[in-house]
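> Residues per chain are reported as follows:
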Amino acid sequence: MTAPTVYLASVGTCLPGDPVDNTTLAKLVGVDESWADLFIGNTGRHFAVDLATGQVRHTLADIAATAADRALAEAALEPYDIDCVVMGTATPDQLMPATVNLVADRLGIDNVPTYQLQSGCAGAVQALDVARTLLLAGRCRTVLVIGGDVCAKHLETDFDPGSRTSAELVNYVLFGDGAGAAVLSAEPVGGDGIEIRQVLNRLVGLGREPGQVIDWFGLGDRHSDRTAVSEDYKAIEETVPALAQQMFWELLEDLGWAADDVDFLLPPQLSGRMSDRISAEMPAPDARRINVVRHVGNNGNALPFLQLAELLRQWEGPGRAVAVAVESSKWIKSGIALERS
Amino acid sequence: MTETTAVTSVREPIAVVGLDCRFPGARDAQEYWSLLMDGRDGTGRVPEQRWDADRYHAAVPSSPGSTSEKRVPGRTNTVRGGFIQDPDAFDPGFFGIAPREAQAMDPQQRLLLQSSWRALEDAAVAPQDLAGTDTGVFVGVMANEWAYLQLADYDRITARYGSGNGYFMGANRVSYHLDLKGPSLAVDTACSSSLVAVHLAMSALRSGESDYALAAGTNLIMTPVINIFYAQAGLSAPDGRCKPFSALADGIGRAEGVAVLVLRRLSDALADRQPVYAVLKETGTNQDGRSNGITAPNRWAQQRLIESVWQRAGVTADDIRFVEAHGTGTLLGDFIEAQALGELTGGRSGGSVALGSVKSNFGHAEGAAGIAGLIKAVLALHHRTVPPSRFAHEENPKLDLPGRRLTLLKSPLRLPSGTVHAAVSSFGMGGSNAHAVLASAPRAVHRGRPGAPGVFTVSARTPERLRANLLAQADALARRPENQLAQLCWTSNRVKSRLPHRAAVAAGDLPTLVAELRAAAERAEEAPRVDPGRRSVGSVAFAFTGQGAQHPRMTASWYRSCPAYARHLDDIDKELAPHTGRSVRDLVLDGDPELHRARFAQPALFAVGYAMAATLAETGIRPSYVIGHSIGEFAAACVAGALDVPDAARLVARRGALMEALPEDGGMLAVGLDAAEAEALLVGRQRLGLAAVNGPHATVIAGDLDELAEVERELTERKVAARRLTVSHAFHSPLMQPVVEEFRAECRDVPARRPLLPVFSTVYGRELTGEETMDADYWARQITAPVRFAQAAGALLAGGVTHVVEIGPRSVLTPLLARLTTDGGHPASLHTAHPGEHAPGHRPQQLLGELWCAGLAPQWDVLYDEADRVPRRLPPYVFDDSFRAWRAGTAPGLPELSAPHVPSGADTTAVPSGAARGAPCPPAPAEDLPDSLAELTRRLVCRVGGHDPGHVHDHSRLHEDLGFDSIRVMELKARIENALPRLGELPVEDLLASLRTVGDLVRYLRSLHLTDAPVPAAPEGTPR
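First to last, the protein sequences are chains D and G. Under my numbering, the first residue of the first sequence carries the number 1, and numbering increases by one thereafter. Under my numbering, the first residue of the second sequence carries the number 1, and numbering increases by one thereafter.
Worth flagging that the hints you see were computed from the coordinates, not collected in a lab. Accuracy of the hints is not assured; some may be wrong.
[To be verified] One side of the interface only, derived from the structure: several residues of chain G facing chain D at Cβ under 10 angstroms:
#1 Met37
#2 Pro450
#3 Thr462
#4 Glu482
#5 Ser811
#6 Thr814
[Claimed, not checked] Computed beta-carbon distance windows for the label pairs:
#7 Asp881(G) x Phe217(D): 46 to 54 angstroms
#8 Gln94(D) x Gly351(G): 33 to 41 angstroms
#9 Val445(G) x Gln94(D): 28 to 36 angstroms
#10 Pro552(G) x Thr227(D): 49 to 57 angstroms
#11 Arg996(G) x Ala52(D): 33 to 41 angstroms
#12 Gly220(D) x Arg518(G): 37 to 45 angstroms
Glycine is no exception: its CB is placed at the ideal position from the N, C-alpha and C atoms.
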């Protein structure tokens, strides 16, 4: 009898609206186009809000449900086949109800366990971890995992571009909105099954200042002058590459794989420029890199799913893939190892 | 054990493909499911409309003791039960039933009709498509209370009441109105009737007697008779609720229900990719025989039946995940059922079997009880969740359910993935038992093409219903996954496109579709009425656009979104390529501005027009006439069979090339003058000619640029509108003369053949007649001759064409035609295949929707890829519920206490509007004599049929819309003779032969030398 395993049945993604390029961004929020290209490296992103009018066109629940629909269709499953839903997001539509349950309602899923993990982009990996654990424990047969973020709340559309600092403008260039979903199952679905061999998550923030803070406000403190979103880019730039490499080796040691065995590497996605740098510094130089942030923007919990979707497009025949995500708020390193035999 | 093939086919699984139901607290299947999942109570106090609950109630102190002490003769011990909402509502007009007749029908028949229609639509089948088929109808029914009320007074029995008797005519009524020709029977085995009906339907499907079967159950409580009987027998629960397997169980509460299942052989359903709720693996029935009294349940008979059905289904207790029990909630009944079932489940391996009964939610629906339980099990398998059973928290310990490995479900049970089995029991009071084993539907996934567009069609019997149905569809679509858009559209075309008031919405994404359906609902009142009976009568003309309409990327959206168009354009491009030297298709689709050169513009317009016409023909929109403007005449000639396609391809390429080679020294000027005035301008100007006569004050002159400039100046002085056209050459002018002979030579091999369709020639300005052909001379002359479009189109419109479709990449001829139709008072409906650059990406879909709304019957499949021709469930038709008729249940010989006052002459209450309930239908004012023949006729029709005068129009068809059968025609005849004594006796044959609509009847009467002046009338206001 073989050891119990878990399969990645399908991936679906959703990017709201048309892509917004740097030229458009320059026009709408006064970002310098060449600065954006040079220092951040992101060339496109999608927004759930119409930057020109400020009208919010999609909620997180909208795009997450669409991504989930696509993942279900891809796996040839119906909503009633799903016996658990796990979602990771840093930007739920509301604190309550949890967005995962609104998504389940859209899909017609009921009477199953649901979980929402409050986390940055490592949340996607955390969600995959919860799903895999439940499957291995025999608690479920088919789990829908969702990740997504929408930053409409943090985009001001009616301001004077000249009054913004570059730190504020970075956010417009760096971030984007999106959602992704994956179906994990206890049995292979369809033809060749991709096994999820390992998922790891580790908090490494003891004594470390948060690299990113997203605050929230209510009636009592809505007039406070705290910054809604802030990043310590210096700390991020220094810490992420090291954590990413640690996670990579940890996964490999766990599985007894050599770096040469890895065919695909999905590095952490921060910005187009940084991801290229981290990517280049990562071990396994022959493994094909799957980077997407340059074109879709940093959409948090959607990123690992967008990378997985791209991986599935490129992946033919047997092989091994390793994905690493690092959350720079209170510092979490996480990773997944996939194998197709 | 080996089974022969024959045995295997006998055991063919039967798919539940559609269903509709109404139960207490649930108006449809969706509400039924929420009622079950929420564990809600559907019971309530006996509605006043039924009977005076207090009058037949004897309050009994709830002291312990033998039930026999509590019995009071003629009284029941409860004022509660499970009653459905609005059992008196019906949409008689939808089924072509006269209100009078509807009023004389057992409401069970009325509800069965509507539910049957809805269940078929739920199966993604147009009920009309089953007309004439061997579809069987099996209706479980035990309530005959309507007859008890209605037929007790012998003097009031009329012809209608016989056929209105729901008990024995219920199934036949459905077969009659849906024209179903398979077995049609009412099944009465008391409380197991509807599950026995399902069993019979299974047999009919397995034996091949039917390919579709409707299995139904119905129960309406119109009198307290059975309540009194249950109370007298000590079986009636004082709170009117069944509490199955509960320590609280104290008898039966009665309930109503109407439900219809659509069944098919599973292999057929899967082959058609039809959605399947669940699968019936096996059913069976048996009898207690001579047991412990005729009404006592029998443990051994139940056990034997369940055992044999499970065996035949090839399952054991280990396979069964849940049992929907009969579970009446009588102590004895529950005990015997638990024993019988427990004998089989007690030795089960693994956990216990879930147990429940829907009777806990609303009571015992008697004739509909079996199907209520069956639908619950079917929906549970579909949703993969078993709803809880009410009163489960206080399980009856004496039943020892845990020892029998039975668990009364206290909360919903999620079913595992993979095939799951369930069982349903229904037992009859007289000892007829029924049992069924079901399985979850096999996995069948049919993915649609992402992003494929479609056109969603909704039709209804009235504008008001169109609105309601559009909104119902919009609400449901808002919750569907986007990759099903085209499949949902295709299903709507297949299921919902046959009724007279129509709306169509083409879309490429679901949110847009939903928004547009809501917008269409706002305009529903404006939707024109289409007579679906005359679908073949429409005579369509294709009008082919001429040069100038071309634009880069023209019809690229057709190429992308309509595979048939792409195929036809590819084909014609191959024909043209040898003559044009390059692919005209690529030139068009790539947006090459070279397109405007005559050498390419002419073949490109021909290609586009030809491919569009061929595409429309493939959808069944075929022209009866053609007309073409200038170069458009070539495609028109091809479609009319006057010109072979290879010849036409060669000629248009040559024609364009010849003209392009001419010097570019000419121009064209559109002038706001009629032909004669324009010709006056040409006198003395040799190098100018009349190029086109497009309308009464719309003429084009063409020729030498200098002379044209003079004319333009002159017109400006005279303040006459004149506009230069953007053209490379002066087409249809004397400047074209140099190429005429060469082109004639090119045409010399063209066969002189009479067209197969009438061609309205724009060379002659009239229809081609007699031996006239489109030969070399014709095409040579066409180059310089003016395009006499106005005259030709005028002749076309005068000929009675009903629809004109402009074929071409832009709307050019349509505005011209619009003026001609308005001026000439022609009623033709005008359409543009492709309105121009700004046409939406799903224009072909939109066009077919438009043509369908205008009364044509396109074959929709052409618009969809094979992967998108998959039926999906859509909400079924929402009927008009404004008609109401009911008969209150009071014992004969007793004065009615709770029934509203019924005027003399009206034997029941039936009014067209709920607001006016209690008034007779229709109002018959004695003073208000009709002042014209038309009004008198309408009034008499209403009187005989009981229709609301507001709903009877000249176009109302006596048989189909108003439900007049021969009996009613005779009654109408008598009333007319009575009202119009001058006419004498009307000959029946004439009357029958000439009567289709109310308008026909009026014309017929008028033809009997009557004037339209006020006619003397007999006092029809007095009801007979």
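> If a hint holds in the structure, say so; if it doesn't, say that too.
Hint check:
Given hint, Met37(G) at the interface with chain D, holds; its Cβ is 8 angstroms from that chain's nearest Cβ, closer than 10 angstroms. Hint on Pro450(G) holds. Least Cβ distance to chain D is approximately 8 angstroms, under the 10 angstroms limit. Hint on Thr462(G) is violated. Least Cβ distance to chain D is approximately 32 angstroms, over the 10 angstroms limit. Interface hint at Glu482(G): satisfied, since its Cβ lies 7 angstroms from the closest Cβ of chain D, which is below the 10 angstroms cut-off.
Here the hint on Ser811(G) is broken, as its CB sits about 30 angstroms from the closest CB of chain D, past 10 angstroms. At about 34 angstroms, the closest approach between the beta carbon of Thr814(G) and any beta carbon in chain D exceeds 10 angstroms, and the interface hint on this residue is violated. Between Asp881(G) and Phe217(D) the Cβ separation comes to about 50 angstroms, which falls inside the hinted range of 46 to 54 angstroms. Look at Gln94(D) against Gly351(G): about 39 angstroms separates their beta carbons, and that is inside 33 to 41 angstroms.
Range check, Val445(G) to Gln94(D): Cβ separation about 34 angstroms, and the 28 to 36 angstroms hint holds. Under the hint 49 to 57 angstroms, the C-beta atoms of Pro552(G) and Thr227(D), about 52 angstroms apart, fit the expected range. For the pair Arg996(G) and Ala52(D), the beta carbons lie near 59 angstroms from each other, so the given range of 33 to 41 angstroms is not met. For Gly220(D) paired with Arg518(G), a C-beta distance near 40 angstroms keeps the hint of 37 to 45 angstroms intact.
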